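> For reference, the chains in residue letters:
Protein chains: 4
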Amino acid sequence: MRDVHASAPEGRGQLLRRVGVSTIRKPLSIQRKDRVVTLTATFRVAVDLPASRKGSDLSRNAELLAEVIDATALRPAASLESVCVGIATDLLSRHSYATEAEVDATAEYFLSRGISEGRQSLEDYLLVAQARAVRNGAEPPQIFRAIGAEAVGMTACPCAMETARTLLTEEFPLLNDPALAKLPIVSHNQRNRTRLTFELPPGADIEADAIIDAIESAQSSPTYAILKRRDEATVVINAHRNPKFVEDVVRDLLNEVLRRFPELPDAARVRVETTSEESIHKYDVSASHAATLGELRSTAA
Amino acid sequence: MRDVHASAPEGRGQLLRRVGVSTIRKPLSIQRKDRVVTLTATFRVAVDLPASRKGSDLSRNAELLAEVIDATALRPAASLESVCVGIATDLLSRHSYATEAEVDATAEYFLSRGISEGRQSLEDYLLVAQARAVRNGAEPPQIFRAIGAEAVGMTACPCAMETARTLLTEEFPLLNDPALAKLPIVSHNQRNRTRLTFELPPGADIEADAIIDAIESAQSSPTYAILKRRDEATVVINAHRNPKFVEDVVRDLLNEVLRRFPELPDAARVRVETTSEESIHKYDVSASHAATLGELRSTAA
Amino acid sequence: MRDVHASAPEGRGQLLRRVGVSTIRKPLSIQRKDRVVTLTATFRVAVDLPASRKGSDLSRNAELLAEVIDATALRPAASLESVCVGIATDLLSRHSYATEAEVDATAEYFLSRGISEGRQSLEDYLLVAQARAVRNGAEPPQIFRAIGAEAVGMTACPCAMETARTLLTEEFPLLNDPALAKLPIVSHNQRNRTRLTFELPPGADIEADAIIDAIESAQSSPTYAILKRRDEATVVINAHRNPKFVEDVVRDLLNEVLRRFPELPDAARVRVETTSEESIHKYDVSASHAATLGELRSTAA
Amino acid sequence: MRDVHASAPEGRGQLLRRVGVSTIRKPLSIQRKDRVVTLTATFRVAVDLPASRKGSDLSRNAELLAEVIDATALRPAASLESVCVGIATDLLSRHSYATEAEVDATAEYFLSRGISEGRQSLEDYLLVAQARAVRNGAEPPQIFRAIGAEAVGMTACPCAMETARTLLTEEFPLLNDPALAKLPIVSHNQRNRTRLTFELPPGADIEADAIIDAIESAQSSPTYAILKRRDEATVVINAHRNPKFVEDVVRDLLNEVLRRFPELPDAARVRVETTSEESIHKYDVSASHAATLGELRSTAA
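Residue numbers (my numbering), protein chains in the order written: chain A, 1 to 301; chain B, 1 to 301; chain C, 1 to 301; chain D, 1 to 301.
These are computed hints drawn from the structure, not numbers from a lab.
Identical copies look the same in the list; a pair holds intra-copy or inter-copy alike.
Taking lysine-lysine and the DSS-like style, the derived pairs with C-alpha atoms no more than 27 Å apart in a straight line are: (1) Lys182 x Lys228; (2) Lys228 x Lys54; (3) Lys54 x Lys182.
These numbers come from a predicted model, not from an experiment.
Chain A on its own, in the form it takes in the complex (with noise of 0.2 Å):
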């Protein structure tokens, strides 16, 4: 039987950047602190094709994945995204013609949160993680890794709020009383859903855990499941009390980034997307930038 992946394309070759499978879910286990966790990943995995060869060998990509997913089975895993930088190795050896591989994965995660303690659920999260392997002559290959979370939260907008303030006070002069400079105005507010990555040089490392907590810090509030009537009203207080544009909620993220994370190195860089569904219009509003650690904190000194 002729081997058609192997043989020369049929017009004039052309190097592909990418082939590769996409979609694939695969439920896999991850040693946390104190539990093993069930993820359900949808993996994303590809390597770089030769001009002179027809096609890859994608029955690889599926048995490999398997492969690492049943060892988290008997041996969870440290991390999504130590998984992403097995497979990407792995798949660098197994396509000896390819220079490159990259794995994406994305799963779902849960956290217990509250509002109190008597008010815990689990919430649930977003982890995002990438790899890749780049063949390095008959040096193991250099990794690149990158590992993020997305968080759903709350936002209040600043302005609304400023400016009905305004038109309040038209109304209910009482309001320029100094006793209720600091009350809390009606606004407008909506989820919004912000990741925060990474991409770390070799050696530095990051919580998913610490990931997230980030990302609340830098919304109006964190959302829960549970909220009996007073922590509803607490939580947009609070929210109220903490106004944000998206502009605000990137901007607070990245310099929370610098405050929480000193120990990461400058060439670590990192990204920060932001939607808020606004509940006045029917479209989103986001924000996002990227920068590494190393420009931040110049721009922030």
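Following the hints, position chains B, C and D against chain A.
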């Protein structure tokens, strides 16, 4: 060539309720009072299939859709619903073995709306329509029609507002001053998506624009693409003066239907479905009800 | 603090059929024969609301879901469907004003499958479950349950195959040779998504894995993550020896249900919905049917 | 009233790369050779924000979009891409603090296509366009443009076909007869979604319809809404005479670009992304490449 579809099934025959095509996208021209609009509709069409027949002639469905759509380019249709009625009737005559034909369509729809004359823009809504034709011996088929629309607006929560008033009054006793009795108090607010659908007996009719007006009247506030600063605050204040649970949205919309459409017969059936994308939770809350106008009128009396 | 939910509606009251929360995601532990699996389910829960009451206590729904889910961490549930029954029953006792409670859940589910012993991998399916509890005076509530699953497989078209045989025979008269009578001929083939659901009377029961087996037996072929070259060709050849319209998938699955589950009572109700993502069209074709086993048994006799 | 957006950020300032609105839907009129078509586009628009400023004036974005769209109702735009260029240029003049403005748009697009003259129907495609305006001192801004399209067609797998030929020849030795050497053999086939995008230097131009033609020429076969029986078999046979890996689709499309658009300058950059929704797997396979025409021309030489 053997007619595979018309042959008998291989195993034991079974009547099949619905066989058809779905996710077909087609642009079509609709005549509104003052203009022709282009809607891009997603169609699902189906007929039933007797136990004696292996397959339905599905290519006829696609041909028929193409003909009907082409015809609207020359002579715009009266409404999405009239297009569905035409297709259902023709399906029944082309599938001689069928006893029923059903057509569903949804289409994005734009109306010029604004908080004031100078702030108009196109807001997007969804139209839904359905027609079912049932064979009736030698008589023309019986036709059943449904027409509806979906609008995204805003709800502010009455319960969190009441609790926030209590908590804030503890901190700001001046809120007890009767001059502030009507001051809008912070609450969570969010996008609300509401769908209103009518199943209409023969002869009864209703305009899509009137359905959209009714929905927007039952939310805490409509929402707009263009809002300058004072407009934003006005929408926010209006919504907080008109706080609504999802339960209120359904109930108020049912009552609006009775008030706005007195000419609709008791046999007309109405369905309301509403979802608020809660800003303080990661999940949605929703409410729905369906009843004949006769039932609603007797309850409401 | 006034109980806003328990107060009377502002306008004319209207009974509401369903009020609840939706899109709640929760991981839960399920006991299978030989292992505990973690499912991440999406829940929708709702109760009805009398005309005299403004709102439903929605925070109770989230609390209850959290408690039930936490309990499965200590003691895995028997099935997704039994979790739904437990939640529906508890909802009714916590919402004393409600007469009905309804719970829907869907969850991704993995089974180890393969074309041969050495080619096993985790294939993903969808589980669906529903429970409805109806108040019954002083008696325990009446419980209605539904359980189902969805599987993606493959269909090859019998009609295009027959026509291709005719056209190819004109070009290759040797195809008339009786030795080639059973040669599989090219046709279009594609992903087929089929859902099979049972509404079960009290006492009747059915395993999710058996539902999935039944679905895969009615498609042209199951599909697999890991296929080496000969396996790929084997799946392709098998599918073309077993060509199916969507009509065949529904009909054959209804007949498989009769054959595989003879112990299910006549009152059990079965629903089949199937969609083929046609490779030769940009749209899908689909077929569906719903009937009691009693009705199917009498038709099939 | 204080201008909240123009005030300084509360904490340490940070430059933000992109601040804007997304998921805005707008219908717009486009002039084609022989007719005016209505496209409904989804826009994302963004500008950058200096570290000294708290917020971007997002309401200007929505106003500008409304004005541009309204203008096309009176005077249809030349293309989706020219609309994006107009919006990006205007954004930069309205956001005086910004140094860059970026606009992305996607829109469903219909073309009349068919396997023969008498079988025409509207097939749906996707248009994509992007414009970026970069401030350039007192000069007009520099403009960067991208234009592309996406088409769904069909691929048949060359590898499974080759293996199936081997397996079937073992069973049907008559397949060794030279008269059957060119008989198309069964393989898996499926929907393939391919996107081709060009980044164009000033002066270069390309028609959306020509992009779609190029894509369809690189798939195993285009697909059609209306196919009578012989047409279905013809499409199937053609696709199996033209089997393609995703790798072939990318490579062949890159070569088609060189052949079809010789007038495009070396500096133009092309990107191809293709995904086949494998009928024998539950996951997709995909391939992509991006290069300048100069790079492709030198490789291909």
